[in-house]
Each structure stands twice: as structure tokens, then as C-alpha cells.
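Engineer: With chain A's structure known, arrange chain B on it following the hints.
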Amino acid sequence: MYKATVIIKRRPKILDPQGKAVEQGAKLLGFNNVDHTRIGKYIEFNVNTDDHILAEKEVKEYCEKLLANPIMEDFEYSLEKV
Amino acid sequence: MNVKFGVVTFPGSNCDFDAYYAVKEVLGNKAEQLWHKENDLKNSDVIILPGGFSYGDYLRTGAIARFSPILESVIEFADKGGIVIGICNGFQILLEAGLLPGVMLRNESLKFICKDVHLSVQTRNNIFTKDIKQDIIKIPMKHGEGNYFADEETLKELNKNDQIVFKYCSPDGEIDGRFNPNGSQQNIAGIINKKKNILGMMPHPENACDPILRKTDGSFIFKSVVQSLLN
Chain A
1 MYKATVIIKR
11 RPKILDPQGK
21 AVEQGAKLLG
31 FNNVDHTRIG
41 KYIEFNVNTD
51 DHILAEKEVK
61 EYCEKLLANP
71 IMEDFEYSLE
81 KV
Chain B
1001 MNVKFGVVTF
1011 PGSNCDFDAY
1021 YAVKEVLGNK
1031 AEQLWHKEND
1041 LKNSDVIILP
1051 GGFSYGDYLR
1061 TGAIARFSPI
1071 LESVIEFADK
1081 GGIVIGICNG
1091 FQILLEAGLL
1101 PGVMLRNESL
1111 KFICKDVHLS
1121 VQTRNNIFTK
1131 DIKQDIIKIP
1141 MKHGEGNYFA
1151 DEETLKELNK
1161 NDQIVFKYCS
1171 PDGEIDGRFN
1181 PNGSQQNIAG
1191 IINKKKNILG
1201 MMPHPENACD
1211 PILRKTDGSF
1221 IFKSVVQSLL
1231 N
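First to last, the sequence lines map onto chains A and B.
When we follow this note's numbering, the leftmost residue of the first sequence carries the number 1, and every step to the right adds one.
When we follow this note's numbering, the leftmost residue of the second sequence carries the number 1001, and every step to the right adds one.
Misleading hints may appear alongside valid ones.
[Stated by the list, open to error] Here are the simulated BS3-like cross-link-like pairs (lysine-lysine), alpha carbons at most 25 Å apart as the crow flies:
{"id": "1", "chain 1": "B", "residue 1": "1111", "chain 2": "A", "residue 2": "13"}
{"id": "2", "chain 1": "B", "residue 1": "1133", "chain 2": "B", "residue 2": "1196"}
{"id": "3", "chain 1": "B", "residue 1": "1167", "chain 2": "A", "residue 2": "13"}
{"id": "4", "chain 1": "A", "residue 1": "13", "chain 2": "B", "residue 2": "1196"}
{"id": "5", "chain 1": "A", "residue 1": "27", "chain 2": "B", "residue 2": "1111"}
{"id": "6", "chain 1": "B", "residue 1": "1111", "chain 2": "A", "residue 2": "9"}
{"id": "7", "chain 1": "B", "residue 1": "1111", "chain 2": "A", "residue 2": "41"}
{"id": "8", "chain 1": "B", "residue 1": "1194", "chain 2": "A", "residue 2": "65"}
{"id": "9", "chain 1": "A", "residue 1": "20", "chain 2": "B", "residue 2": "1142"}
{"id": "10", "chain 1": "A", "residue 1": "3", "chain 2": "A", "residue 2": "41"}
Calculated directly from the structure, the hints in this document are not laboratory data.
Chain A extracted, bound-state conformation (with noise of 0.2 Å):
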């Protein structure tokens, strides 16, 4: 069996309203330093088999079929032997 965990990224281009908010809250907390706050996602599962390349074909099916919409979002995933 393996691990999956799967980050997803919003695009660089696209607009993150909830990132901006959170950072206007880290500057009133006078974290002046941060900039850039973007939001994601992680997720976690497991890949019921222990055929890596299998597992493999799966993780990135379910990312680009449904985790993640490919208009505005990138996704990472890596596979932990469990």
C-alpha cells in the first residue's frame, strides 16, 4: 500500500482574495516582513495497491480529474511506501 499526499497550488496568475485577506491580518499583527500569502490545499490518502507505477497512474488521475481544476490550479503529489 502507499501514502499519497497531494499539495495544490493556485496558479501565479490567479487572483487569491483569501490569501490577501489572511496577509492584511498578519500585517496588523505587525508581521511585517510576510508577503506573497497564498492559499492551498493538502490532502492525504492511500493507494490501495503495491504496484508503484500503478499508484502512480492512480494519484495523478485523481488530481487532474478531480482534486484539482487545471484552469487555476497546480498540483505536487508524492507516494510513500506504507
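Structural biologist: The following block gives chain B in isolation, referenced to the frame of chain A:
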């Protein structure tokens, strides 16, 4: 002949009955309610994907509804030229399904906005606006993620093919950033596909049909569709 509307209900839809009521009870058409787990469109002539928060807006708005059994039938129906209207969450589902181009981002203000808005009718080259006499209609919007985004190339295509149907505007029709409630690119409130049989719009025409509400501009869109189908 009567035109039959099919209104889909997803778990979390909350404007499905408003749409059903508007097209059936107020405007006198036939209507069916369609459950997301079914795949039978019950011979509907027009499919409405209603507003709400399908599947709790989990992951992204519309992302999970897009894989409902009923959506497979709706996609097949649309591919054959069937008429589909996606309102608010329905518009978001159409974007996720790839039936319309672009995505919805959180409103620029990060606020959920609920108010009447003026829309400038940009084109009458399609069955949804063909019979709308007014250049400006006033209907309510109520959403937190209606900030339309598409890349430059897509925007160019939309403009070139006359696919932008509604833009947010002032009461007298001025289209400007000051009258843009949510940050949408080019003040876009509604678009159609290239084949012009699918409409996605963020504001809610079904909530401006019943005269008792003292606003009926939303009915023009449904009436225009019915008129085109009957002719």
C-alpha cells in the same frame, strides 16, 4: 405543445424549488424535478441546474456535482444540442464539467453578496435573450464565489464568438468596475457556449418571475427560451 423544463436537485441545492415554481406555477410551463442519482431526463426540453451549495461546495464549487449520474445525461443532452441553463451553483457546475469555459473564484471582497443587480443584455444572438426587449434587466444575485475568471485567450474567444450574454452594469447601463459586484473579469455575469445552447449565469432569474415580488425581469429569459422552442 408545451415546453417541459427539468430541474435537477443535488444534495445541497436550495433554489431548485424556486426554479420549478417559477417555470411551472408562475409561467405555466410543464416541469419535472430530477434527482441527481437518476439518469432519466424525463423528456425535458430544457434542463435547469439550479443554485445552492451542491455537496456543500466541498473541494471546489460544483466539483463533485459534476460527477453525478444525472450530469452524464445532461452532458449527453447538451452535446446533442439540448438546452441547458445553469444558475449560480448550476453555472459553477457547468464550468467544472467543461461545458462552459473558465472558473469561478471567491468574490473579490470575500463577502457573500445578496442584492438586486442590473445586467446589460450584450447580445440577442441566442434563444435565451432573443425575445428580451429591454437592454437592462434587474434581478437578484446571491453568491460568495461568482468572480468569473478565464485566461486571456478564452476571453478573446468569448468576445469574438459573441458568447458574453450578460454584464453587470449601472441602472442606466454603464459597464464599469464600479458596478462590478464580485470582481468578475470584464463584468461578466453570464455566458453561453459556442453552439449557443448552454447558458450559465450567476444572478437568479427564477427569483424575479412572480409579480408578487414586484420584479419580473427574470421571466424574460425563460419566456424567450419557450418562445424560441415553440416557433
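Engineer: Does residue 1142/B sit within 25 Å of residue 20/A, going by the straight-line distance between their CA atoms?
Structural biologist: This hinted pair holds, its Cα atoms lying about 23 Å apart.
Engineer: So if I understand the rule, the pair passes when the alpha-carbon distance is 25 Å or less; does residue 27/A with residue 1111/B pass?
Structural biologist: holds (20 Å)
Engineer: Does residue 65/A sit within 25 Å of residue 1194/B, going by the straight-line distance between their CA atoms?
Structural biologist: holds (23 Å)
Engineer: Checking one constraint from the list: CA of residue 1111/B to CA of residue 41/A, max 25 Å. Satisfied?
Structural biologist: The hint holds at about 21 Å.
Engineer: Is it true that the CA of residue 1111/B sits at most 25 Å from the CA of residue 13/A?
Structural biologist: Holds, at about 22 Å.
Engineer: Verify the proposed pairing of residue 3/A with residue 41/A, using a straight-line Cα cut of 25 Å.
Structural biologist: Between residue 3/A and residue 41/A the Cα gap is close to 17 Å, so the pair holds against 25 Å.
Engineer: Between residue 1167/B and residue 13/A, is the straight-line Cα distance small enough, at 25 Å or below?
Structural biologist: At roughly 23 Å apart (the allowed maximum being 25 Å), residue 13/A and residue 1167/B satisfy the hint.
Engineer: Between residue 13/A and residue 1196/B, does the CA-CA distance stay at or below 25 Å?
Structural biologist: Between residue 13/A and residue 1196/B the Cα gap is close to 29 Å, so the pair fails against 25 Å, i.e. violated.
Engineer: Can you confirm whether the C-alpha distance between residue 1133/B and residue 1196/B stays at or below 25 Å?
Structural biologist: holds (19 Å)
Engineer: Is the straight-line distance between the alpha-carbon of residue 1111/B and that of residue 9/A 25 Å or less?
Structural biologist: holds (22 Å)
When the structure is compared with the earlier hints, a violation turns up for hint 4 alone.
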